[in-house]
Amino acid sequence: MADTSSLSSSGTDALTQASAARTRNLAMLRAKTPAEAKESAQEFESFFLGQMLQPMFSSIETAAPFGGGHAEEMWRSMMVDEYGKMIARNGGVGIADAVMRVMLANQEA
Numbered sequence: 000m001a002d003t004s005s006l007s008s009s010g011t012d013a014l015t016q017a018s019a020a021r022t023r024n025l026a027m028l029r030a031k032t033p034a035e036a037k038e039s040a041q042e043f044e045s046f047f048l049g050q051m052l053q054p055m056f057s058s059i060e061t062a063a064p065f066g067g068g069h070a071e072e073m074w075r076s077m078m079v080d081e082y083g084k085m086i087a088r089n090g091g092v093g094i095a096d097a098v099m100r101v102m103l104a105n106q107e108a
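Quick note: the sequence shown uses numbering that gives the first Met the number 0, first residue 0, plus one each step.
FYI, nobody ran anything at the bench for these hints, they're computed from the structure. Some hints could be false.
[Said to hold, decoys possible] Heads up, simulated EDC-like pairs for lysine to aspartate or glutamate below, C-alpha to C-alpha not over 16 Å straight-line:
{"#": "1", "residue 1": "Lys84", "residue 2": "Glu42"}
{"#": "2", "residue 1": "Lys31", "residue 2": "Glu107"}
{"#": "3", "residue 1": "Lys84", "residue 2": "Glu38"}
[Said to hold, decoys possible] Here are the simulated distance ranges between beta carbons:
{"#": "4", "residue 1": "Glu107", "residue 2": "Met55", "range": "32 to 42 Å"}
{"#": "5", "residue 1": "Glu60", "residue 2": "Asn89", "range": "20 to 30 Å"}
{"#": "6", "residue 1": "Ser57", "residue 2": "Glu107", "range": "33 to 43 Å"}
We treat Cβ as the ideally placed atom computed from N, Cα and C, and that holds for glycine.
Can you build the whole structure from these sequences, using the hints too?
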């Protein structure tokens with residue numbers, strides 16, 4: 000019988016590494032216009048919301064025979080990221096506005 004714990008931990012490691020790379024890219028991004036600052040701030044908010052929603056969805060049990068498995072874990076994480084993007088696109092929770100103000104203030108300084 001195959002050891003599935005190594006498969007699920009390697010998938011989690013890959014997601015963690017992808018999230019860290021995305022965070023670094025967001026931090027290095029320098030907006031040239033207020034519109035670019037707004038877009039970057041909204042992308043940051045969508046990433047943040049996706050990360051905050053992950054634990055909520057990880058505790059949901061899936062029913063047999065069609066639920067569960069490694070593929071569902073991957074699909075669920077992508078679905079939650081899309082939820083974060085959708086929430087941010089539709090007004091978000093205010094993080095993007097605060098991030099944009101800080102970005103513009105730091106560029107003016």
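Taking the hints in turn, this is what the structure says about them:
no., hint, in the structure
1, Lys84 to Glu42, "holds (7 Å)"
2, Lys31 to Glu107, "holds (11 Å)"
3, Lys84 to Glu38, "holds (12 Å)"
4, Glu107 to Met55: 32 to 42 Å, "holds (38 Å)"
5, Glu60 to Asn89: 20 to 30 Å, "holds (29 Å)"
6, Ser57 to Glu107: 33 to 43 Å, "holds (41 Å)"
In this structure, every one of the numbered hints holds.
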